[in-house]
Amino acid sequence: MTNLMSRNDLLLFAGFTLVVLTMPIWLAPFGAGYPDLLQRFMIFGIFAVGFNILFGLTGYLSFGHAAFFGVGSYAAVWSFKLLTLDAIPAILFAVIISGLFALVIGYLCLRRSGIYFSILTLAFAQMSYNLAYSVLTPITNGETGLQLTLNDPRSLDAVLGQSVAGQPVPNLLGQPLSGYAGFYFCAGFLILAFFLAQRIAGSPFGMMLKAIKSNQTRMQFTGFNTRPYALSAFVISGMYAGLAGALLAVTDPLAGAERMQWTASGEVVLMTILGGVGTLIGPVIGAWLIKYFENILSALNDQILARFWSFLPDGAADTMVAITGKFVGDGWFLTLGLVFVIVVIFLPGGIMEGVRRIAGMFRRRSGSSPATRTQPAE
Amino acid sequence: MFDVIFLQFLNGLDKGAAYALIALGLTLVFGTLGVVNFAHGALFMLGAFCAVTVRMLLTMETVTIDPEQLSPWGSPLEIREPLVQAWLGDFGAVLVNYSVPLSILITIPIMLLVGIALERGIIKHFYKRPHAEQILVTFGLAIVAQEVIKSVFGPNPIPQPMPTDLRGAADIGAFLGMQANIITYPIWRLIYFVFAAVVIGGVFAFLQFTTFGMVVRAGMADRETVGLLGINIDRRFTIMFGLAAVVAGMAGVMYTPLLPPNYHLGMDFLVLSFVVVVVGGMGSLPGAVAAGFLLGILQSFASMNQVKAIVPGIDQIIIYLVAVIILLVRPRGLFGRRGVMEA
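Top to bottom, those sequences are chains A and B. Going by the UniProt record's numbering, the first sequence runs without a break in its numbering and finishes at 378. Going by the UniProt record's numbering, the second sequence runs without a break in its numbering and finishes at 343.
In short, the hints are calculated from the structure, not lab data. Values in this document were obtained by computation on a predicted structure and should not be read as measured data. Some hints could be false.
Here are some chain B residues the structure puts well away from chain A; computed CB gaps all over 12 Å [unchecked claim]:
(1) 69
(2) 77
(3) 155
Straight line, CA to CA, 27 Å or less: simulated BS3-like cross-link-like pairs of lysine-lysine [unchecked claim]:
(4) A:213 - B:124
(5) B:128 - A:213
(6) A:210 - B:128
(7) B:150 - A:326
Beta carbons: idealized from backbone N, C-alpha and C, even for Gly.
Let the sequences and hints guide you as you build the complete structure.
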């Protein structure tokens, strides 16, 4: 193993695995130790890691990644409906379909770069979203969303003679995937996704992608055809999004078109930037933080705030409740927007850059100034 | 057949006018400051909410509850007294009736201030940073703006009535010497189109015929040289940002009677107007205007039943489809200059 991965990479991977698997324990004091939220952490972590393979390594900013996420969800639900309730075929099917979808869209979009690439991906995603709501209703079930019913054919299950009583739910080899089983299922995929991303970033292929980001023209002058590399990154990242979408369908078998809206694409961009673009662990942290605070802040209301500020004198407490009330509950997006603006202005490298800066400060104070400062991957 | 096509053409004009106005502002900002402004749709929305605020202020009323009299439902009668009418009489009623066009007067200074504050406060620091970061910070600002509006005005659309005299439809067919009542067109949409044409003409005239405009055009072509000549080009560009904000705001104000504004109005228009800008060619003002009208009209043709019968769902995707085709075939857009953001 050591000749495959450097010691640092191995440590990072082991640490990451440990952190993920023990999440139900150490997140419990923060009010997040329940499977439903943890599954979301895993799913959006995968989404962000995949997005970072494209944006972080090659620098192509896609504003349409939610389309692949949505396609993954739809594909998984169709697999549940037509083939079997088992999760593995659904995930394979979803990853393949979203990969093909990404291949077509990526082939077209990667003819342009910069802002044009962003607009092209945005245009394709909006087209998919609008079509899912209108003409493709037979496939997507329009506004109602695609869901499992008792009358689905499920040909594979029928051949194997399995039948379900009551509302059909996705399972894994007959084991139901509810609660912590579902969490560990998703966690396995996140760890796998992280491992693959780590291998990609460290491989010669990953070096190519980073080279595309720093100077594509020079790459081309040296004789490299950069497009196949960028296209591979695009497809891989689309497959990650499809995997995340499929996992969301496994935990909650209802696929709706709103998962493909461009604001959903914007959300994964926010996660990646907030955590630290181009780093391995940053996007995952960004996804966790956003999902955590989305959950916590949007559940707060004025009574809870009033209790929190009750140590202040009456008038001051009321004012504080009124002010903070604007930022929680329905207003949590305002907080997110503000934090995001502040991060982009002052800390373009996201949380990971902040950590690095603080670490650098301590190192300088201790006197042993290392000559090599770690550069962000770009 | 001709009248059907002509009618669809007219129907496309007002939406096209809105796209053209927003795209014009976006292009002004991109052409002068080189900034990709994802917050431009938010400026459109802020303008619309200026109109909402003005109307709210004009229709403020005092409510006195008279326990002697009973309303038909048996509860004490509420006597509502509109303040403006009470102070100004009939003139007050006229003010309320014409609140939408009147709010333009207030929108202009507000949007100018907002634009200049935005540019000096935040966007100034992003000239030298990559386009991706400009997109991100303005995208964040757009979220903040729409959430602030949502928390002040609530999530529901707020309808704005148009002045009573301007309701109804104009019989354009009869005006052009055709049969009466075949081609009728709502008066307010006509006004919107004329208004857009005046604003667009005004911006072009300002850039073409004033010294200020000449300096700005020179700065758009070659910023450094103009700076070396001792001209403070940054200040002029800041004012252009304010002007772009004013154009977006006015477009928003006048659009409120056509579409009740809510907080995500800006985001809805933003995506489309970016597509418009790209189709017209980044940095080309005539391109932005032409593409705005072109896409508005195309969209209106695509929503005809005859067209939808041939290609189902085309009305939903036509704009994006056109954008994709244009970008792939002609990367610098319809009117784009060679070498501007061409990649």
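When the hints from earlier in the document are held up against this structure, which numbers fail? 3
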